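Colleague: Top to bottom, those sequences are chains P and C. Quick note: to get the numbering used here, add 940 to the position in the first sequence (first position is 1). Quick note: to get the numbering used here, add 47 to the position in the second sequence (first position is 1).
Derived from the structure by calculation, the hints contain no laboratory data. From a predicted model like this one, the values you see are computed outputs, not experimental measurements. Even for Gly, the Cβ is constructed at its ideal location relative to N, Cα and C. Hints should not be assumed to be uniformly reliable.
Said to hold, decoys possible - Derived CB-CB ranges, DEER-like:
{"hint": "1", "chain 1": "C", "residue 1": "Leu201", "chain 2": "P", "residue 2": "Lys1263", "range": "56 to 64 Å"}
{"hint": "2", "chain 1": "C", "residue 1": "Gly166", "chain 2": "P", "residue 2": "Gln1222", "range": "32 to 40 Å"}
{"hint": "3", "chain 1": "C", "residue 1": "Val225", "chain 2": "P", "residue 2": "Thr1200", "range": "39 to 47 Å"}
{"hint": "4", "chain 1": "P", "residue 1": "Glu1202", "chain 2": "C", "residue 2": "Asn220", "range": "53 to 61 Å"}
{"hint": "5", "chain 1": "P", "residue 1": "Lys1296", "chain 2": "C", "residue 2": "Leu201", "range": "54 to 62 Å"}
{"hint": "6", "chain 1": "C", "residue 1": "Leu390", "chain 2": "P", "residue 2": "Val1002", "range": "55 to 63 Å"}
{"hint": "7", "chain 1": "C", "residue 1": "Leu279", "chain 2": "P", "residue 2": "Leu1213", "range": "53 to 61 Å"}
{"hint": "8", "chain 1": "P", "residue 1": "Gln981", "chain 2": "C", "residue 2": "Asn220", "range": "21 to 29 Å"}
{"hint": "9", "chain 1": "C", "residue 1": "Leu390", "chain 2": "P", "residue 2": "Asp1297", "range": "39 to 47 Å"}
{"hint": "10", "chain 1": "C", "residue 1": "Leu201", "chain 2": "P", "residue 2": "Thr1232", "range": "30 to 38 Å"}
{"hint": "11", "chain 1": "P", "residue 1": "Asp1068", "chain 2": "C", "residue 2": "Leu201", "range": "31 to 39 Å"}
{"hint": "12", "chain 1": "C", "residue 1": "Leu358", "chain 2": "P", "residue 2": "Leu955", "range": "19 to 27 Å"}
{"hint": "13", "chain 1": "P", "residue 1": "Phe948", "chain 2": "C", "residue 2": "Asp373", "range": "50 to 58 Å"}
Stated by the list, open to error - Under the rule of at most 30 Å between Cα atoms (straight-line distance), these lysine-lysine pairs were calculated in the DSS-like manner:
{"hint": "14", "chain 1": "C", "residue 1": "Lys238", "chain 2": "P", "residue 2": "Lys1296"}
{"hint": "15", "chain 1": "P", "residue 1": "Lys942", "chain 2": "C", "residue 2": "Lys238"}
{"hint": "16", "chain 1": "P", "residue 1": "Lys1296", "chain 2": "P", "residue 2": "Lys1114"}
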Amino acid sequence: MKNVTYLFIFLLTVLMLTGCWSSKDIEKLDLLLGVGIDEGQSNSHEYSKEDLMNVTFQLVNVSGNQSSKTYSGNAKPFVNVNETGESLLEAAREVLLKRKNTLNGQHQRLVVLSSKVAQKRNMRELLDFFIRDPEARMSCLIMVTGGLSRDIMDTETDEIPSVHIKEVSDHIEKSNKLIEPMTLSKINATMEAKSSFLLQNIEKRNNEIILTGAAVIKGDTITQVGFLNEEELVGINWLTALTDGGIVKIKEEGSNKTITYELETVDSKVKPLLKNGQISFQVDTKVSGHITELLAETDELTKEENIKDLERQIEEKIKEQIKNSLEKIQQDLKVDVLEFHDYVRIQHPDYWKSHKDDWDNTFSQANIDYQVDVQISSLNMNINE
Amino acid sequence: MNLNQQERISPTQAIILIINYILGVGILTLPRTAAAEVGTPDIWITIIISSIFPIIVGMIILILNNRYPDKTFFQYSREIVGKIISVILGVTMIIYFLTLTSFEVRVMAEVTETYLLEGTPIPVLIVLFLWLAFYLNTDGINSIARVFQVIFPLTVIIFILIATMSLGLFEINNLRPVMGNGILPVLKGVKTTSLSYIGIELIIILSAYLTDPKKGKKIVFIGVLLPMIFYLVTVVIVIGALSIDGVGNLAWPTISLINSFEFPGIFFERFDSLFLIVWILQIFATISITLYVASLGMSQLFNKNIKIFLLVFLPIVLIISMVPNDIHQLFALGDLLGNAAILLFGVLPILLLGISFLRRKFN
């Protein structure tokens, strides 16, 4: 009897030790790194023209990376697969018909939407697939391109384009021409809150990828309503102070030579003021930094009054940038991409409650006062010249 | 019934038993369920306030227990309400514990299937875990307590590690304003958050096993306070990173949070699996203890060997756990269990205490 029991236990153990249940070999997976979504061209009659999209799946080319004997060294490290469908899942399933491996989204870094799609379609519909799919990571970034996302995905960079773009977007610390990268988890929260937001814009220029400007997404429709160019984005960044990096270029008065001011810290204080049921904002931006490149002839920067004068010129330059950006978002686009609603929500909860459904309009009529205070902290060791 | 020295547990072990029992499904879902009820970022206040209730419940059960020293609820209820009613109450309680076991093991299997072992059938995962729990239970409460003593520090270390790492996404503005809509929304969520302290009812059998029964109050107090800190930290970092609007449509907000950051360069880049491992240990702790209490109840009600019931309950738990068809039904079962817990451990002990008091007075 005892022996039978042992045999039984032994057999059970053998069953358990056969190996991993439903394991997948890594070489049998197509690792998905990025997805590009473009407007679909209906080349078949299967689909209604309306909601068609062309999806580019960027996959790791395992054999290209290995530089084995059968492949020459210059094989691309990635493969792009183009599919058309009415939904992402439909397109993803089409990939199965072309590739011998199955798709795996665990390493997805990027979703690029072409501006045409973003203007036409509700972004929630487009991104729902990634938010719901437990495979996709919530740290995946969302960006927009004015051109075709297919072209972006095809660009030759020293790395796989999706990975390259994600790494470039980390430069927000050093540049005020970028926005804080929008991850899936953040965009999910923003869309739920129905607030307007910015998405990083990517362009392809001279066969190179460049991150420039931003796409403006309106909160209540979650569609793209416009673009901000680099200069306008800088103006926005003065008010939100998300980055401490960047430069300000000014022309020396008179001599017309360039002086470059490098930022060290940018701080902004936003105060929402409520008076007679009218909301207005008071923004104080404090900037400090140093002069890095002095191409001008003025070499008397050691003098107090000259520094003051320079500070004033930089202040004016910054104010002008802010003014242009505010005009654009308040009068042209009528959206609050500055996240000023957060300050209202926190400091005037009652006002927020009654105005949150129409916030973008309320914001575009609100008066925004801004003060800029520039300090030149050091002259970068050239003090004796 | 005399308990031999082997089955005694120290107050520290009792605290760890309670904490491991309380920490379970709540850590993964609490930010969403509480956010749905409260609607403002004040969930953390709700969690602090609602910790009062489990402490009160624990204290009442303790008073009741102290009138019948060295006996568990299943043994002394007979002296209060007579044989028939005590069997009915006991069996109801056992059904509750079994259903709770099924619920927890099913949630564990669902999450494991989604995030770790895609493609593995859910019943397989459940069966494996139930066998392990059975194996742990065969040696009684003392060995359970000792295993928990290993699980607990591991949980604390990994939890602190992950909490610190997610600070990069933390934005204080997501937690402001504090009580912007007054105290009403805060109170609205009290019931939901109180239910995340389910587990304190363990004291109903636990005080019979204590080496030092006088420490009961301390055990209840610390046993609730430490899980409260866990919940507080979880809710603060999850809401702080994902905001109150962002957690509404995520089934497992805490996992989504850990999914949202990466640390390139160190040994691991992603920490979801690490967190899930700890969390699975916690669920395992919960199902072992509930399965044990259910079997212990049966063996004490009917004076039979506990191992028979442990074995009989395994297929029953498996069947109950497969009843919910989808995740919504599963969460509905969780709500049902919460209401049952309020009746069984919030209301019932007060009634029994009253009856017991009257009985002694008239005898």
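Colleague: Failing hints, ascending?
Modeller: Violated hints: 2, 4, 5, 7, 8, 10, 13, 15, 16; rest satisfied.
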